[in-house]
Amino acid sequence: MSELPAPEPVTTLETEPFWRATAEGRLVLPRCDSCGTVIWYPRRFCPECHRSSISWFEASGQGTVYSFTVVRQAPEPWRKVVPYVIAQVELDEGPRVLTNIVGCDPGDVTIGQPVEVVFDRSASGHGIPRFRPRP
Amino acid sequence: MRSGGVAHIAGVFEHPRREIPDRTLAEIHAEVAAGALADAGLGFEDVDGFLCDSMAPGWSPLSMAEYLGLDHLSYFESTESGGSSYLQHVGHAAAAIAAGTCRVALITLAGTPRSDRGRVAGRGTEGPETGFEWLWGFTGPVSQYALVAQRHMFEFGTTSEQLAWVKVAASRHAKHNPHAFLPQEVTVEEVLESRLICDPLHLLDCCVVTDGGGAVVVVSPEVARALPRQTVEVLGHGETAKHTRNGRADLITTGAVRSGPLAFAEAGVTPRDIDYASIYDSFTITVVVTIEDLGFCEKGRGGAFVADGALEAPHGRLPFNTDGGGLCNNHPGNRGGMTKIIEAVRQLRGEAHPALQVPDCELALVHGTGGSLATRSGAATLILGRPAA
Ligand SMILES: [Zn+2]
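Protein chains in written order, with my numbering: chain A, 807 to 941; chain B, 27 to 415.
Hints listed in this document are in silico derivations from the structure and should not be mistaken for laboratory results. Be aware that a few hints might be false.
Claimed, not checked - Reference listing, derived: stretches of chain A covered by chain B, where coverage requires no fewer than 3 residues with Cβ under 8 Å from a Cβ of chain B:
(1) 816-824
(2) 849-859
(3) 876-883
(4) 904-910
Glycine is no exception: its CB is placed at the ideal position from the N, C-alpha and C atoms.
Could you put together the complete structure from these sequences and hints?
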């Protein structure tokens with residue numbers, strides 16, 4: 807999808823379902839079974855009500871840019887793709903996630919811009935979630 | 027009503043060098059320890075409390091106590107929050123002294139990121155958050171603090187020119203410091219014309235990368251009374267951890283909104299009473315958001331505040347970082363909290379550079395920020411005072 811590096815994600819017992827879904831091109835999020843909050847970063851513990859029962863659900867993949875920066879100086883392997891955009895995207899489900907904005911000129915990114923998720927494949931087939939402007 | 031101090035800072039020492047390729051980290055800890063103890067008029071044999079960060083070699087305080095030959099410790103710890111660690115150490119040492127656990131606490135810092143260039147510095151272990159933060163080409167703190175600056179500009183209309191004034195004030199102070207890594211005075215235009223690293227932050231919005239170290243000696247009031255040197259009272263301390271709060275945290279406030287009021291309340295003073303402030307300055311934006319959160323100006327007005335010459339010593343409304351700060355003087359080990367404490371002590375003792383000494387400086391604030399304001403950060407505030415005559 808994009809030309810950015812697609813590093814191998816670190817998976818743990820708690821986050822494996824998230825990355826298994828991205829391998830299928832799906833964005834899933836954990837929701838607390840007790841209080842219903844959508845949890846970020848993914849974990850099997852609710853930081854709101856402090857209970858440890860969660861369920862995964864498929865997210866809309868839609869959000870808006872909350873903040874961003876155009877990176878102009880970076881070490882390898884990112885050096886060859888500068889300038890690129892790091893952003894916090896506020897998902898429609900609530901949490902703000904760190905990510906990249908792809909699919910547009912870095913100079914065209916703005917706060918509040920509607921974006922949607924896309925996946926870049928890592929070598930092992932995991933999907934790296936990034937966001938592009940919504941048409 | 028200003029409180030009395032439960033502990034005193036009796037000695038400080040800042041390593042004079044900014045590039046130290048010929049010393050081990052342990053040696054630098056020893057150098058700064060000896061310097062601060064000599065400044066206090068004390069010796070290694072007097073130390074019964076020891077604090078350092080978890081980046082100190084080996085088992086941190088355990089290994090360093092052995093290296094330094096500290097033989098009768100009754101208190102030691104290694105609270106770790108990056109750059110704010112050393113302010114927490116002062117607060118914790120003061121509490122231990124107040125509880126009677128120790129009488130003379132030594133705090134040391136050493137780091138050599140300049141000589142170690144290429145080797146990754148920072149926290150070595152992976153956190154549960156790591157998998158969701160390091161896939162996107164983050165280039166260290168600058169890319170994260172850039173997110174804070176961008177959002178602050180969006181919400182409050184803060185400008186790059188306003189941020190540049192923070193660097194200008196620091197450089198006007200650094201030119202008086204013979205040890206400063208960047209002693210040249212710079213202009214707003216020079217900051218704006220320096221290359222963008224991560225929009226909207228330019229090269230000159232970023233702090234220096236230096237080797238170095240520093241140490242502080244905190245003692246009980248009884249020990250302080252017996253020393254020939256003027257000491258400085260620890261009047262208030264506050265600390266907190268700010269984090270992403272389940273992915274809902276804002277980007278434009280810091281933990282200073284909590285640590286500041288705690289420190290002011292303990293000291294029994296308000297922001298209006300502060301004569302001098304050492305404010306953590308990893309980036310220009312760090313200073314702007316911190317002074318807002320500490321109550322020196324209204325939230326969102328930090329840009330206008332700093333562009334008004336407020337930070338310049340000796341006569342600005344809030345003279346800050348008269349050593350040149352992390353932006354120009356020194357940021358040893360990528361951890362600037364230690365040097366913030368040291369310069370505040372110099373001001374309260376009347377030992378800052380004569381051109382920058384705040385007249386009749388009685389009350390100083392020190393604020394440290396550790397980690398990243400865009401994700402998780404430590405915040406620690408100290409109120410220090412010149413003892414009543
Ligand atoms: Zn819950």
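Hints and how they fare:
1. 816-824: Holds, because 5 residues of the segment 816-824 of chain A bring their Cβ atoms closer than 8 Å to Cβ atoms of chain B.
2. 849-859: Satisfied; 3 residues make the cut.
3. 876-883: holds (count 6)
4. 904-910: The restraint on the segment 904-910 of chain A holds, since 3 of its residues have a Cβ under 8 Å from chain B and three suffice.
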